[in-house]
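Taken in sequence, the protein lines are chains B and F. Sequential numbering of the first sequence, starting at 1, is according to my numbering. Sequential numbering of the second sequence, starting at 1001, is according to my numbering.
To be clear, the hints were calculated from the coordinates, so they are not data collected in a lab. Think of the CB as a built atom: it goes at the ideal place given N, C-alpha and C, for glycine as much as any other residue. One thing to keep in mind: the hints can contain errors.
[Stated by the list, open to error] Below, a list of computed lysine-lysine pairs in the DSSO-like style, where the Cα atoms sit at most 27 angstroms apart: (1) K122/B <-> K1111/F; (2) K215/B <-> K122/B; (3) K170/B <-> K1033/F; (4) K1123/F <-> K1033/F.
[Claimed, not checked] Beta-carbon label-pair distances, calculated as ranges: (5) Y224/B <-> T1118/F: 54 to 60 angstroms; (6) Y1113/F <-> P417/B: 51 to 57 angstroms; (7) I438/B <-> S1107/F: 34 to 40 angstroms; (8) L1035/F <-> L503/B: 31 to 37 angstroms.
[Claimed, not checked] So, partial list: chain B residues that the calculated Cβ filter (under 8 angstroms) puts toward chain F: (9) R74; (10) H116; (11) E120; (12) E154; (13) T173; (14) V181; (15) A199.
Spelled out, the chains give:
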Amino acid sequence: MEGTHLQVLLPVGLIVSAFFMPVIFRWRRKLSEPVAIAASLLSLIFSWLIFLRVISSSEGTIQYFLGYSWSGLRYLPTGEPIGIVMRTDLLGAFMLIQISGLCFLATLYSKRYVPHLIPEEKIGFYYTLLLLFTAGMSGLSITGDFFNFYIFLELSGISSYALVAISTNKESTEAAFKYAVIGTMGSIFLLFGILLLYASTGTLNMFYAATQIDKIFAPDAPLYLTHFRYHIYAALGLLIAGFSIKSAFFPVHAWLADAHPAAPSPVSALLSGIFVKISGLFYLIRFLFTIFGAHKGYYGFFLPPFFIVVTILTAIGGSVFAIAQTNLKRMLAFSTIAQMGYILAGIALISKDGLTGSILHIFNHALMKGLLFLCAGAIIYKTGIRNISDLRGIGYKMPVTMGCFTIGALAMMGIPPLCGFMSKWYLLTASAKAGYPILIVVLLTSSLLAAIYYLRVVGIAFFVPPARHNNINKTNGGQIQEVEHRIEEAPISMLIPLICLTLAVIFMGIFVRIPLKVVSRAAEILLK
Amino acid sequence: MKTILSNIDYVVSVILFTIGLYGLVFKHNVFKKLLALNILETSVYLSYIALGDVRLGKITTSWAKSPYLKDAIAAWTGKEIMVNPIPTGLILTAIVVCVCITAFSLSLVVKLYQYFGTLDTRKITALKG
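Isolated chain B (complex conformation) (with noise of 0.2 angstroms):
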């Protein structure tokens, strides 16, 4: 179906919004936060149109030739499509509200959150690095052109290094220097994989290369398509590999746990909720089943045994890891980690079960972490507090924070009517149909592991009581006197989010028929 100017319009309205607000900042400094808000609004009701244009369309694809209207040409006489073209699918879509409605949140909880962090002349280019992070995010979801799709991945992978750097202290300058060379270093793996695949399909546009992939893997293709069979298998394993570097897969999960944690607490809600998944996983589907055309069984039986081996060091790695923790936000960011191994499970059983409940998850897991994040970050801003045992009775202190992290943590591990469930049950239902019991045992392992970590975090803020050293009265004869608990909550511009996503945890738990509708068609038009 025709694509809307909106597809272009989304990003490059982000840039050029980043692109004046230090203008703004240095004119009125107030100004800056509600044009910030104003922009990513402004990109939520964008995205919402695209989704549902998106979503009334029968084949569940929009197309958007760039420049079409000057030059009157589509295709080449050889087929291929001329230019850039945006291209967004179902799942693209489904991405795209996610990533416009998580960045919403985070822009409105910066407003009360960023001022107590950085210096007051920097906040301008704080909010110009999360536009330009958002507009490189948006681009990503919904481009269909592997250059776009680098160009997209450098401006939002550089606008993040410099937003994990920008509260500057030891931490956040070793964790962003780690990040951005690591990061660097995939995005260069993902470069020489698309060099193969330009090389032997001779096109950058995603879908037409689909085609060509198609031709070379025929049967009774010609010798010299067959040649190229071997580019292709380089190109999936260089690609394989970048994007196990981008979504922090076993061995190479370190720079994930430094660089999650160092940054502001909006935008490590960002990085884990979304940007981990848009530029990792996401790319990772899309290139798998809609470009390689790995269900088609062009590459035997190679794929699903080294994605569970992932998967099982991924899982269970992050777990014991998180469980090591002392600080709440790097124990959040192993808690990432081991999500990413459910995501990949999903993934490596190449069937529609699986890619259901791993989209499903993808999304899911972007309100839970979202949504814990953001309450880590509450906790931060009001006291100060980063260590897990420094936490003790601090639900008296901020019970809707605290109420918040509760229900963000049970769906974690997987309590029956919340969202985190639902995508489990799915996963386990799908690696039980495919046959892989070993993932089954791996997923609940996983989960009781989680219990372990989330629960301690929820016994030590509510049923340890806080220090009372400073409180007992000698006078009395040492009687420890009622500690007076004072309600002393985070400010409304950031509880609003958090209850926001709270009631979306629940809501999608219960009616997950509405996410599953979507999910399961935009996993069809995956697997077509």
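Starting from the structure of chain B, add chain F where the hints point.
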């Protein structure tokens, strides 16, 4: 030998890629790591530019023999004599990206030296576990 000589661009590119990866993994100085990163990127750029070299209708390297590439160029220009501009355009953008990352990382190196007083990655360990 003849195959290696006719594909010398790609051979050099792979050697550079290996040097870059080696430096990135095994060198402990922050500057050497950044240098290795740049070598790694240069190797990819070299491959791209060699790929775009379709000179005088005679194809210089075996990878550029893709019939689609040739057909597409022929259909678009009506002749086969040109250098394929797409890889060059892509690499021009990629070089800009690389410059951004290098500049940003160098500014981080300044900060790292201020905080830690060293450029040895084995001693820059504020984050552990």
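Hint-by-hint comparison with the structure:
1. K122/B <-> K1111/F: holds (17 angstroms)
2. K215/B <-> K122/B: Violated. K215/B to K122/B sits at ~53 angstroms, over the 27 angstroms cutoff.
3. K170/B <-> K1033/F: holds (19 angstroms)
4. K1123/F <-> K1033/F: holds (15 angstroms)
5. Y224/B <-> T1118/F: 54 to 60 angstroms: The hint (54 to 60 angstroms, Cβ to Cβ) holds, given that Y224/B and T1118/F are roughly 56 angstroms apart.
6. Y1113/F <-> P417/B: 51 to 57 angstroms: About 53 angstroms separates the Cβ atoms of Y1113/F and P417/B, which means 51 to 57 angstroms holds.
7. I438/B <-> S1107/F: 34 to 40 angstroms: violated (47 angstroms)
8. L1035/F <-> L503/B: 31 to 37 angstroms: Given about 51 angstroms between the Cβ atoms, the range is violated.
9. R74: Because about 14 angstroms separates R74/B from the closest Cβ in chain F, which is outside the 8 angstroms limit, the hint is violated.
10. H116: Not OK, violated: H116/B not within 8 angstroms of chain F, min 21 angstroms.
11. E120: violated (20 angstroms)
12. E154: Hint holds; E154/B Cβ to chain F Cβ min 4 angstroms, cut 8 angstroms.
13. T173: Since the shortest Cβ distance to chain F is 5 angstroms, the answer is holds.
14. V181: Holds. Min distance 6 angstroms.
15. A199: Cβ of A199/B sits 5 angstroms from chain F, so the hint holds.
In this structure, the earlier hints numbered 2, 7, 8, 9, 10 and 11 are contradicted, and the remaining ones agree with it.
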